[in-house]
Amino acid sequence: MLRKKLWRTFLLYKAQFLSMILMIAIGIGIFVGFNMEWVSIEENTGSFFEETGFADYRLISEEGFSGEEQEKIRDSAGIDAAARYAVFDVDVAGFGDDALSLSVTEDASVSGFLVLAGEAYDDESDDGIWLSDRYAAANDIAVGDTLTLDYQRLRFSGEVKGLVKAGEHLICVRDETQLMPDYDTFGFAYISPAFYERAAGVPFYPQIHIRSALTKNQITDLADDVLGRTVMVLTKDEVLSYAEAKGEAKEGKAMGSILPVLFLLIAVLTMVTTMHRLTAKEKPQIGTMKALGLKDRRITRHYTSYAFLIGLLGVGAGLGLGYYIAWYIMHPEGSMGTYLDMPDWTLRLPLFCVVILAAAEIALTLIGYGSVRRMLAGNAADALRPYAPKKMKPLRAEKTKLWRRLGFGARWNLRDVSRHKSRTLMSLFGVVGCTMIIIAALGMSDTMDAFLDLYYDKATLYDTRINLADDADGAASEAIAGSYGGDTSAAVSARLEDKAVSLEIYDTPGNLVRFPDEDDHFQPLGDDGAYVCLRLSRAFDLSPGDTFTLRPYGGDDVYTLKVAGLIRSVSENIVITPAYAEKLGLSYDIHSVYTALAKEEIRDDSAIASVQSKQTIIDSFDTFIDIMNVMVYILIAAAVVLGVVVLYNLGVMSYTERYREMATLKVVGFKDKKIGRLLIGQNMWISFLGLVLGIPLGVYVLGVLLDALAGEYEMKLAVTAQTCFLTAGLIVGMSLLVSVLVARKNRKIDMVEALKAGE
Amino acid sequence: MPIVEFQNVSRVYTGGEHTLRALDRVNLTLDSGKFIVILGPSGAGKSTLLNLLGGLDSPSEGKIIVEGRDISTLSGDELAEYRAAAVGFVFQFYNLIPTLTVAENVALVREIVPDALPVDEILGEVGLFDHRNQFPAELSGGEQQRVSIARALAKNPKILLCDEPTGALDSETGAVVLKLLLSMAKRHGKTIVIVTHNQAIAKMADVVIRVKSGKIVSREEQAEPLGVDEVEW
Ligand SMILES: Nc1ncnc2c1ncn2[C@@H]1O[C@H](COP(=O)(O)OP(=O)(O)O)[C@@H](O)[C@H]1O
Ligand SMILES: [Mg+2]
Chain E
1 MLRKKLWRTF
11 LLYKAQFLSM
21 ILMIAIGIGI
31 FVGFNMEWVS
41 IEENTGSFFE
51 ETGFADYRLI
61 SEEGFSGEEQ
71 EKIRDSAGID
81 AAARYAVFDV
91 DVAGFGDDAL
101 SLSVTEDASV
111 SGFLVLAGEA
121 YDDESDDGIW
131 LSDRYAAAND
141 IAVGDTLTLD
151 YQRLRFSGEV
161 KGLVKAGEHL
171 ICVRDETQLM
181 PDYDTFGFAY
191 ISPAFYERAA
201 GVPFYPQIHI
211 RSALTKNQIT
221 DLADDVLGRT
231 VMVLTKDEVL
241 SYAEAKGEAK
251 EGKAMGSILP
261 VLFLLIAVLT
271 MVTTMHRLTA
281 KEKPQIGTMK
291 ALGLKDRRIT
301 RHYTSYAFLI
311 GLLGVGAGLG
321 LGYYIAWYIM
331 HPEGSMGTYL
341 DMPDWTLRLP
351 LFCVVILAAA
361 EIALTLIGYG
371 SVRRMLAGNA
381 ADALRPYAPK
391 KMKPLRAEKT
401 KLWRRLGFGA
411 RWNLRDVSRH
421 KSRTLMSLFG
431 VVGCTMIIIA
441 ALGMSDTMDA
451 FLDLYYDKAT
461 LYDTRINLAD
471 DADGAASEAI
481 AGSYGGDTSA
491 AVSARLEDKA
501 VSLEIYDTPG
511 NLVRFPDEDD
521 HFQPLGDDGA
531 YVCLRLSRAF
541 DLSPGDTFTL
551 RPYGGDDVYT
561 LKVAGLIRSV
571 SENIVITPAY
581 AEKLGLSYDI
591 HSVYTALAKE
601 EIRDDSAIAS
611 VQSKQTIIDS
621 FDTFIDIMNV
631 MVYILIAAAV
641 VLGVVVLYNL
651 GVMSYTERYR
661 EMATLKVVGF
671 KDKKIGRLLI
681 GQNMWISFLG
691 LVLGIPLGVY
701 VLGVLLDALA
711 GEYEMKLAVT
721 AQTCFLTAGL
731 IVGMSLLVSV
741 LVARKNRKID
751 MVEALKAGE
Chain C
1001 MPIVEFQNVS
1011 RVYTGGEHTL
1021 RALDRVNLTL
1031 DSGKFIVILG
1041 PSGAGKSTLL
1051 NLLGGLDSPS
1061 EGKIIVEGRD
1071 ISTLSGDELA
1081 EYRAAAVGFV
1091 FQFYNLIPTL
1101 TVAENVALVR
1111 EIVPDALPVD
1121 EILGEVGLFD
1131 HRNQFPAELS
1141 GGEQQRVSIA
1151 RALAKNPKIL
1161 LCDEPTGALD
1171 SETGAVVLKL
1181 LLSMAKRHGK
1191 TIVIVTHNQA
1201 IAKMADVVIR
1211 VKSGKIVSRE
1221 EQAEPLGVDE
1231 VEW
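Here the protein sequences line up with chains E and C, keeping their order. The first sequence begins at 1 in our numbering and counts up one residue at a time. The second sequence begins at 1001 in our numbering and counts up one residue at a time.
Treat each hint with caution, since some may be false.
As the list claims (entries may be wrong) - SDA-like mimics (lysine to any residue), calculated; alpha carbons at most 20 Å apart, straight line:
no.: 1; chain 1: E; residue 1: Lys673; chain 2: C; residue 2: Asp1170
no.: 2; chain 1: E; residue 1: Lys671; chain 2: C; residue 2: Glu1104
no.: 3; chain 1: E; residue 1: Lys671; chain 2: E; residue 2: Leu269
no.: 4; chain 1: E; residue 1: Lys673; chain 2: C; residue 2: Tyr1082
no.: 5; chain 1: E; residue 1: Lys421; chain 2: E; residue 2: Lys671
no.: 6; chain 1: E; residue 1: Lys250; chain 2: E; residue 2: Leu709
no.: 7; chain 1: E; residue 1: Lys393; chain 2: C; residue 2: Glu1143
no.: 8; chain 1: E; residue 1: Lys756; chain 2: C; residue 2: His1131
no.: 9; chain 1: E; residue 1: Lys673; chain 2: C; residue 2: Asp1057
no.: 10; chain 1: E; residue 1: Lys393; chain 2: C; residue 2: His1131
no.: 11; chain 1: E; residue 1: Lys671; chain 2: C; residue 2: Ile1112
no.: 12; chain 1: E; residue 1: Lys674; chain 2: C; residue 2: Glu1143
As the list claims (entries may be wrong) - Quick look at which bits of chain E chain C covers, simulated, 3 or more residues with Cβ under 8 Å:
no.: 13; stretch: 408 to 420
no.: 14; stretch: 592 to 601
no.: 15; stretch: 666 to 679
Derived from the structure by calculation, the hints contain no laboratory data. Where is the CB? At the ideal position from N, CA and C, for every residue including glycine.
Let the hints inform the model, and build the full structure from the sequences given.
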């Protein structure tokens, strides 16, 4: 019999049951989805790095390493594997300006690759090319095709033996100046040491890749010891593919651990109120069952099973939604797929999400249990008495003059609000929560835009960047700089304590490159010190006036620099002027020239390695923006849907609770529209208050979010007026929509029925 | 002069296979300024009749003419206007708004009736001026019903409709309330229709109508009804 009642009750309160299920599903879905996303990236890239033997450390020497040196390193204690490694960009003959990053590893288990098609890797093959499958696909190259690759005077002619993916090239870009992979023009390939030797004669290996659990200091000491000279040591954190993959996961984690928690909170809290109200409405029934002699335990079990079922359906739907959201943010065909080239995109449900799912189900069941117990308290007679809301007492505000000027509608609403405090608070909380989420999400987008605007519209005023060839001599460089009338720069890799940083020398007589300070003001660079980016200043606790030491790689020199100022930067760098470089005793060999001329106006020159228009750099940022925007849109859409469901649910509750009052007003002669306006008025006030509270709180949450992302970006919090208006519009629109939906029910008020029974 | 005229009015409830004629082809005229009592067993159709007259419900067939206007075909909003302007209701269960004070419960009619009577004056008449700032839950049943009467009168309607106004009160309180209701109605010159079980009230009525199974079984005009103070309660 009780089972039959279960289904009837479900039907009776279907709107409320459905809204509870939806709320839980959205709360769980967002939480699980966002967290699955970063965990999946972390685990999938992690296992990819593992499978391809991604090196923990790289020793780099411009003089190269001998086989003997490699053997000594490999045989040292604490080293799992070590292989000589070479990588250089080669031109692909017959494919326009296409280039490949060509890698050779002496040991395929160190910085190797996965073969996805074609023949397995053979390190004896002296004509085999194992080509990036993405590049092959983008350029219609198949296994069996022959390719000719040119590097300066060397030529590698061979056959494509297999199509591969490599951890080293998870993010396949030419250098730091290219942000996004573009497989139409740039890919990677591996050849065997045998092939390398055949083509080059004496193979030159400028790197040793090492797999080891030792610390960076231990490796540095070990290298010094074994080799008898100082070489550059890079940890994997200093390698682009690894650092960016980790950054992407960190970014997702920041996005996943702040806003989605809010979703869960809103869902659970609203569930508490709704469950309590539902059991309150069922109180006479509960009393009747008790009077009929049903044991408390059975009644409790019966009502708790509603909560359990709602939880089960909500959590189940939420899990499904979570998978969908995670897939939507990271799938190989989406923006993330443009960025990361990895074989496994399996979505992974982290353990803590399973725990949250179980905890949610238990919490919801307990909420149901608690609500019934409250209604069951006392004897059968107590239980039979209908649940009565609190007696009305005058509000404190009623003593004020203002109160006397309030109309009947305002008084009715204010008293209703104070009589049903928890319902009102829940509505307010829902609106505040949604406002916070929308403000923070849109603000994230604003902040990105402001950063890009600052960086690409205000800080960099050049049109074209010319990168000079490594072997270009000083005179040729000067000539190019002179003929295009531009600013120039050079970059030196150096060690700040144990971190590899880029020391950049900028000569900017033309003001084509400028550097924003913390407040986004552009101060000209002075010649008495170095300008440190915010991330480094934070990490090494550097402020103006402090001194620090830099050790450029490839030598034993130590330079002591003074901090002249802090700058906001895209990469982690330190900027100085040529004059300060001279004072320090650093030589300035121009590497890049910035010019206001268009890319097309730059003539071919053997001293020029590449020419980039600023626009291509900006465009490649779009993919990053896209990845962020997908998250932003999902958050906003979910916030709006959740807001509508929460408000509708509470609106229906309020409507039911005021049904008799509204019927009375209707009998007295109030028109439906007028009653509707009273109802809508209350919601609008709550929304307005929610906005007033939610906007500053949202900005605060955005600040927390940006702090969590501080390791990734040096962005200054920005929330535009447009964002505030859009948020206000969304919230008001959402609230209006819900109010109208609820108020439309006024027409269906059955005055005769409503007046039949007593309170 | 008739203020109300029922012409062949039926109210049929159709639920599933059953149809129930709560009112069955009723013809009835009520004169202005009269005191009309409707008697009848439970389920006879008394409330149905009152609700139709009050514009809370519309007839399935027939016409209801109030002051020359057929109200049976009015739209929802027109009915609301009719209720606001023409009728005052008093119900068994008071139907006050719990979150409004006594004075506010009466004053709310000012929202819809521009020429409503002054609230304080009406509250004085029902003897509740001192309770004006209390909430309904703080009053006794009789007092609550008096608020309800004040609210109905404050609209200054032509017709006062009372559906078992003393049904939820003990007989003593009921008598006080009824007395008040009648004297107020007389003083303000209202047409008043009361549905009741109380036989005593019938003696004071100008017209006594008996209803049974949806039909009017008798209609008595009493040439010399007793005055409020002449009746033994
Ligand atoms: N909403 C309704 N649906 C179906 N039948 C109804 C409804 N309201 C009243 N009735 C029936 O109409 C008849 C008359 O009811 P009513 O006018 O309330 O009687 P009373 O004379 O006791 O006031 C009763 O038999 C009642 O059951
Ligand atoms: Mg009745």
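Now for the hints, and whether the structure bears them out:
no.: 1; hint: E:Lys673 - C:Asp1170; in the structure: violated (38 Å)
no.: 2; hint: E:Lys671 - C:Glu1104; in the structure: holds (19 Å)
no.: 3; hint: E:Lys671 - E:Leu269; in the structure: violated (35 Å)
no.: 4; hint: E:Lys673 - C:Tyr1082; in the structure: holds (16 Å)
no.: 5; hint: E:Lys421 - E:Lys671; in the structure: violated (27 Å)
no.: 6; hint: E:Lys250 - E:Leu709; in the structure: holds (8 Å)
no.: 7; hint: E:Lys393 - C:Glu1143; in the structure: holds (18 Å)
no.: 8; hint: E:Lys756 - C:His1131; in the structure: violated (27 Å)
no.: 9; hint: E:Lys673 - C:Asp1057; in the structure: holds (19 Å)
no.: 10; hint: E:Lys393 - C:His1131; in the structure: holds (14 Å)
no.: 11; hint: E:Lys671 - C:Ile1112; in the structure: holds (9 Å)
no.: 12; hint: E:Lys674 - C:Glu1143; in the structure: violated (29 Å)
no.: 13; hint: 408 to 420; in the structure: holds (count 7)
no.: 14; hint: 592 to 601; in the structure: violated (count 0)
no.: 15; hint: 666 to 679; in the structure: holds (count 9)
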